[in-house]
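Colleague: Take the sequences, apply the hints, and build the full model.
Top line first, the protein sequences correspond to chains G and Z.
So the first sequence is numbered by my numbering: it starts at 123 and just counts up by one.
So the second sequence is numbered by my numbering: it starts at 33 and just counts up by one.
Honestly, the hints are just simulated from the structure, not real lab data.
Backbone N, C-alpha and C fix where the C-beta goes; we use that ideal spot for every residue, glycine too.
Any given hint might turn out to be false.
[Claimed, not checked] Among the chain G residues that face chain Z by a calculated CB cut under 7 Å, a handful are:
| no. | residue |
| --- | --- |
| 1 | PRO164 |
| 2 | LEU165 |
| 3 | LEU167 |
| 4 | LEU210 |
| 5 | THR225 |
| 6 | PHE228 |
| 7 | PRO230 |
| 8 | GLY231 |
[To be verified] Listed next, the in silico DSSO-like pairs over lysine-lysine satisfying Cα-Cα at most 30 Å (straight line):
| no. | chain 1 | residue 1 | chain 2 | residue 2 |
| --- | --- | --- | --- | --- |
| 9 | Z | LYS48 | G | LYS162 |
| 10 | G | LYS158 | G | LYS141 |
| 11 | Z | LYS102 | G | LYS162 |
| 12 | G | LYS219 | G | LYS158 |
| 13 | G | LYS140 | G | LYS162 |
| 14 | Z | LYS35 | G | LYS140 |
| 15 | G | LYS158 | G | LYS144 |
| 16 | G | LYS163 | Z | LYS35 |
| 17 | G | LYS219 | Z | LYS70 |
| 18 | Z | LYS70 | G | LYS163 |
| 19 | Z | LYS102 | G | LYS219 |
| 20 | G | LYS144 | G | LYS163 |
| 21 | G | LYS158 | Z | LYS70 |
| 22 | G | LYS144 | G | LYS219 |
| 23 | G | LYS162 | Z | LYS70 |
| 24 | G | LYS141 | G | LYS163 |
| 25 | Z | LYS35 | Z | LYS102 |
| 26 | Z | LYS70 | Z | LYS102 |
| 27 | G | LYS144 | Z | LYS70 |
| 28 | G | LYS158 | Z | LYS35 |
| 29 | Z | LYS70 | Z | LYS48 |
| 30 | G | LYS140 | G | LYS158 |
| 31 | G | LYS158 | Z | LYS48 |
| 32 | Z | LYS48 | G | LYS219 |
| 33 | Z | LYS35 | Z | LYS70 |
| 34 | G | LYS144 | G | LYS162 |
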Amino acid sequence: ETGVTQTPRHLVMGMTNKKSLKCEQHLGHNAMYWYKQSAKKPLELMFVYSLEERVENNSVPSRFSPECPNSSHLFLHLHTLQPEDSALYLCASSQDKRGVTDTQYFGPGTRLTVL
Amino acid sequence: AQKVTQAQTEISVVEKEDVTLDCVYETRDTTYYLFWYKQPPSGELVFLIRRNSFDEQNEISGRYSWNFQKSTSSFNFTITASQVVDSAVYFCALSYLSGSARQLTFGSGTQLTVLP
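Modeller: Quick look at the structure:
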């Protein structure tokens, strides 16, 4: 496997379900990100983990819960979602060096539909 | 505040035409980075280029070229001799420092359709 992978690629869930999205990066990076991309809206940053520590959460509703057990894996746990949470969820990774921006590389995304 | 504006929502061209995608940004940082990404229908954002604020040299990569002008806060992207495979949504992005982490703010994207 190379780059950034995400599973599942498609997910349909009811509002009472609990599910998790998984992201794995094979680039040796130390920072990982979750973004939400809704129709007709710019990409929204949800969470940032740098060196496995969460540094930003951008006021995301608590029904989204991230987990970063190590620098290669990132999860997004979902529970009691709303139909408006239906979107493409993208994971990205980068090599975070203080004061220096490195490029973020993205996974293929998980297309989530909440019924 | 950081902001990226891509005023062109949709562009449609015929194959082999040249096309320029506009990007205008706002930032108070003196050091910043600009990016272009391509998002084909499959959904994955593909990195195209990164430029830092101290390097205003234009860059060419095959049929792609980028024109960075600090005086007008613009970072425009030109595809020469467009092909059907260039059809995608293109995003311009600006990095900024928030707390201890560098983050990206994206424009709303330009949907490019190249017709055969």
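Colleague: Run every hint past the structure and note whether it holds.
Modeller: Hint by hint, here is what the structure shows:
For PRO164/G, the shortest C-beta to C-beta distance to chain Z is roughly 5 Å, which falls under 7 Å, so the interface hint holds. Nearest Cβ of chain Z to the Cβ of LEU165/G: about 4 Å, under the 7 Å cut. The hint holds. A hinted interface residue such as LEU167/G counts as satisfied when its beta carbon comes closer than 7 Å to some beta carbon of chain Z; here the least separation is about 6 Å, so the hint holds. The closest approach between the C-beta of LEU210/G and any C-beta of chain Z is roughly 6 Å, which is under the 7 Å cut-off, so the hint is satisfied.
For the restraint placing THR225/G at the interface with chain Z, the shortest Cβ-Cβ distance is roughly 5 Å, inside the 7 Å limit, so the hint holds. At about 4 Å, the closest approach between the beta carbon of PHE228/G and any beta carbon in chain Z falls short of 7 Å, and the interface hint on this residue holds. Given the 7 Å rule on beta carbons, the hint for PRO230/G holds: about 4 Å separates it from the nearest Cβ of chain Z. At about 4 Å, the closest approach between the beta carbon of GLY231/G and any beta carbon in chain Z falls short of 7 Å, and the interface hint on this residue holds.
Distance restraint check for LYS48/Z and LYS162/G: the Cα-Cα separation of roughly 28 Å lies within the 30 Å cut-off, and the hinted pair is therefore satisfied. Distance restraint check for LYS158/G and LYS141/G: the Cα-Cα separation of roughly 16 Å lies within the 30 Å cut-off, and the hinted pair is therefore satisfied. Proposed proximity of LYS102/Z and LYS162/G is supported: the alpha carbons are some 29 Å apart, at most 30 Å. Of the supplied pair hints, the one linking LYS219/G and LYS158/G holds, its CA atoms being roughly 24 Å apart against a limit of 30 Å.
A hinted pair counts as satisfied when its Cα atoms are at most 30 Å apart, and LYS140/G with LYS162/G qualifies at roughly 27 Å. Restraint check: the Cα-Cα separation between LYS35/Z and LYS140/G comes to about 35 Å, which exceeds 30 Å; the hinted pair is violated. Straight-line distance between C-alpha atoms of LYS158/G and LYS144/G comes to about 14 Å, which keeps the hinted pair within the 30 Å bound. As the CA atoms of LYS163/G and LYS35/Z are separated by approximately 14 Å, the hinted pair is consistent with the 30 Å bound.
In summary, the hint linking LYS219/G to LYS70/Z is supported, as the alpha carbons are separated by about 25 Å, within the 30 Å threshold. At most 30 Å may separate the alpha-carbon atoms for a hinted pair to count; LYS70/Z and LYS163/G meet this at roughly 16 Å. Distance hint between LYS102/Z and LYS219/G is fulfilled; the C-alpha atoms sit about 25 Å from each other, no more than 30 Å. With a C-alpha separation of about 23 Å, the suggested pair LYS144/G and LYS163/G falls inside the 30 Å cut-off, and the hint holds.
A distance of roughly 16 Å separates the Cα atoms of LYS158/G and LYS70/Z; the hinted pair therefore holds under the 30 Å criterion. For the hint linking LYS144/G to LYS219/G, the alpha-carbon distance of about 24 Å falls within 30 Å, and the restraint holds. This hinted pair checks out: LYS162/G and LYS70/Z have alpha carbons roughly 16 Å apart, not beyond 30 Å. With a C-alpha separation of about 24 Å, the suggested pairing of LYS141/G with LYS163/G holds against the 30 Å cut-off.
Taking the CA atoms of LYS35/Z and LYS102/Z, the gap is about 15 Å. The hint holds against a cut of 30 Å. For the proposed pair LYS70/Z and LYS102/Z, the alpha carbon gap of about 23 Å is at most 30 Å, so the pair holds. With a C-alpha separation of about 23 Å, the suggested pairing of LYS144/G with LYS70/Z holds against the 30 Å cut-off. Simply put, LYS158/G and LYS35/Z have alpha-carbon atoms about 18 Å apart, close enough for the 30 Å limit, and the pair holds.
Of the pairs offered as hints, the one joining LYS70/Z and LYS48/Z holds, with about 19 Å between alpha carbons and a cut-off of 30 Å not exceeded. As the CA atoms of LYS140/G and LYS158/G are separated by approximately 18 Å, the hinted pair is consistent with the 30 Å bound. Among the hinted pairs, LYS158/G with LYS48/Z is inconsistent with the structure: their alpha-carbon atoms are about 34 Å apart, more than 30 Å. For the suggested pair LYS48/Z and LYS219/G, the alpha carbons sit about 41 Å apart, so the restraint of at most 30 Å is broken.
The hinted pair formed by LYS35/Z and LYS70/Z meets the criterion: a straight-line CA distance of about 19 Å does not exceed 30 Å. Taken as a hint, the LYS144/G and LYS162/G pair is honoured in the structure, with Cα atoms around 25 Å apart against an allowance of 30 Å.
When each numbered hint is compared with the structure, violations occur for hints 14, 31 and 32.
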